[in-house]
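**Q** If you read the sequence shown in the working numbering, its first letter stands for residue 1, the second for the next number, and so on.
Source of the hints: derived by calculation from the structure; they are not laboratory data.
Please note that a few of the clues may not be correct.
Quick list of the computed label-pair ranges, beta carbon to beta carbon [said to hold, decoys possible]:
| id | residue 1 | residue 2 | range |
| --- | --- | --- | --- |
| 1 | 26 | 1 | 54 to 60 Å |
| 2 | 359 | 236 | 24 to 30 Å |
| 3 | 193 | 125 | 37 to 43 Å |
| 4 | 347 | 284 | 25 to 31 Å |
| 5 | 174 | 347 | 47 to 53 Å |
| 6 | 159 | 358 | 22 to 28 Å |
| 7 | 159 | 359 | 36 to 42 Å |
| 8 | 290 | 1 | 31 to 37 Å |
| 9 | 345 | 275 | 23 to 29 Å |
| 10 | 346 | 125 | 53 to 59 Å |
Where is the CB? At the ideal position from N, CA and C, for every residue including glycine.
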Amino acid sequence: MLTRAPRVVVKVGSSLVVSQGRIRRRWLDALARDVAELREGGQAVAIVSSGAVGLGLQAMEHRISELAHRQAAAAVGQIRLSQAYREAFARHGMVTAQVLVTPQDTEDRQRHLNARGTLEALLERGIVPVINENDTVATDEIKFGDNDRLAARVAQLISADLVVLLSDVDGLYDADPRRSEAAQHIPTVRTITPAVEAMAGGTGTSLGTGGMASKVAAARIALGAGAHLAIASGVAVGSLGALKRGGRATWFIPSVEPLTARKAWIAATVRPRGKVVADTGAIRAVRQGRSLLAVGVRAVEGVFRRGDPVRLVGEQGEDAGVGLVNYDSGEAARIAGHRSDRLTELLGYEGPDVLIHRDNLALTSREKGETRS
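Just need the whole structure built from these sequences, with the hints factored in.
**A** Quick look at the structure:
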């Protein structure tokens, strides 16, 4: 798949590109060489790279106990990281561009389109975008939280065919391989079931923020956008090239074509604002292409406003998708379980007849593990 994908997003973990506060230059040069080979084959490549905080630690004398310290370390490290990429890729005839984003740049529709336009313009000109979260301004409440999910979001932005997550693990296991010698490697995943999610572990390194749980979450976003995703070890020099030659990895395989642009944007929401629990009949109805009516809602969780993305789940907790809600959480709770002809009476004003319109629903089929329009 790596040699066939027209557009590829490669995510680089912190511990791969940075060691003891310094760039692993031999490793980065090998990555540049591998990317150059893909580009020679006509493929476009975008890089999502961690490592800015790790590079800035020395300047901050390792004092990052407060958010402001971590943001300052990112500010110092980001310029060093960008320079390292520029030098390594230039040796192989490539131009790089630094792109810093926040969740708002992907979850606000207009900013989403602006970010997409910028990335498209770079790729069309043969420039390799090097993308990172803008840690200097992001807070815990408005962060992607890890670059795994950011990489999947970038794939959705540019309609990429493949996401490669390079980290310190070579894929998904049925148990933590660091603790169990009997842990079995999972080579292929076609459906992200609760059992698959249960296999995910915690953060693997002191500098990284993305454990296996974040990688599986990234896979869900990528699959919803119709992209393949691979989790592979990037520890060795030339690891991307090794994957190209058939190296070990866990491959997540999409079962559907990409969604329409609007529904792909909805499906890839990083942090839905709340949750709506619907009964079996309502879930069946929306999977048949209908809107979600208030009468089929059994519970409303979280605090959200009209137009916010919320997660739709069944009564057993099964994921059914993400939608843009027509009412705030208080109003949604008030009308839950009631017929549409009673909404005006309950709310005191005439509002939409449905809680979530079908055009604003991106569904995940429990049976097939697919996201669809």
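**Q** Does each hint fit the structure? Answer for all of them.
**A** Verification of the hints:
no., hint, in the structure
1, 26 to 1: 54 to 60 Å, "violated (27 Å)"
2, 359 to 236: 24 to 30 Å, "violated (47 Å)"
3, 193 to 125: 37 to 43 Å, "holds (41 Å)"
4, 347 to 284: 25 to 31 Å, "holds (26 Å)"
5, 174 to 347: 47 to 53 Å, "holds (49 Å)"
6, 159 to 358: 22 to 28 Å, "holds (23 Å)"
7, 159 to 359: 36 to 42 Å, "violated (20 Å)"
8, 290 to 1: 31 to 37 Å, "holds (36 Å)"
9, 345 to 275: 23 to 29 Å, "holds (26 Å)"
10, 346 to 125: 53 to 59 Å, "holds (55 Å)"
Of the numbered hints listed earlier, those contradicted by the structure are 1, 2, 7.
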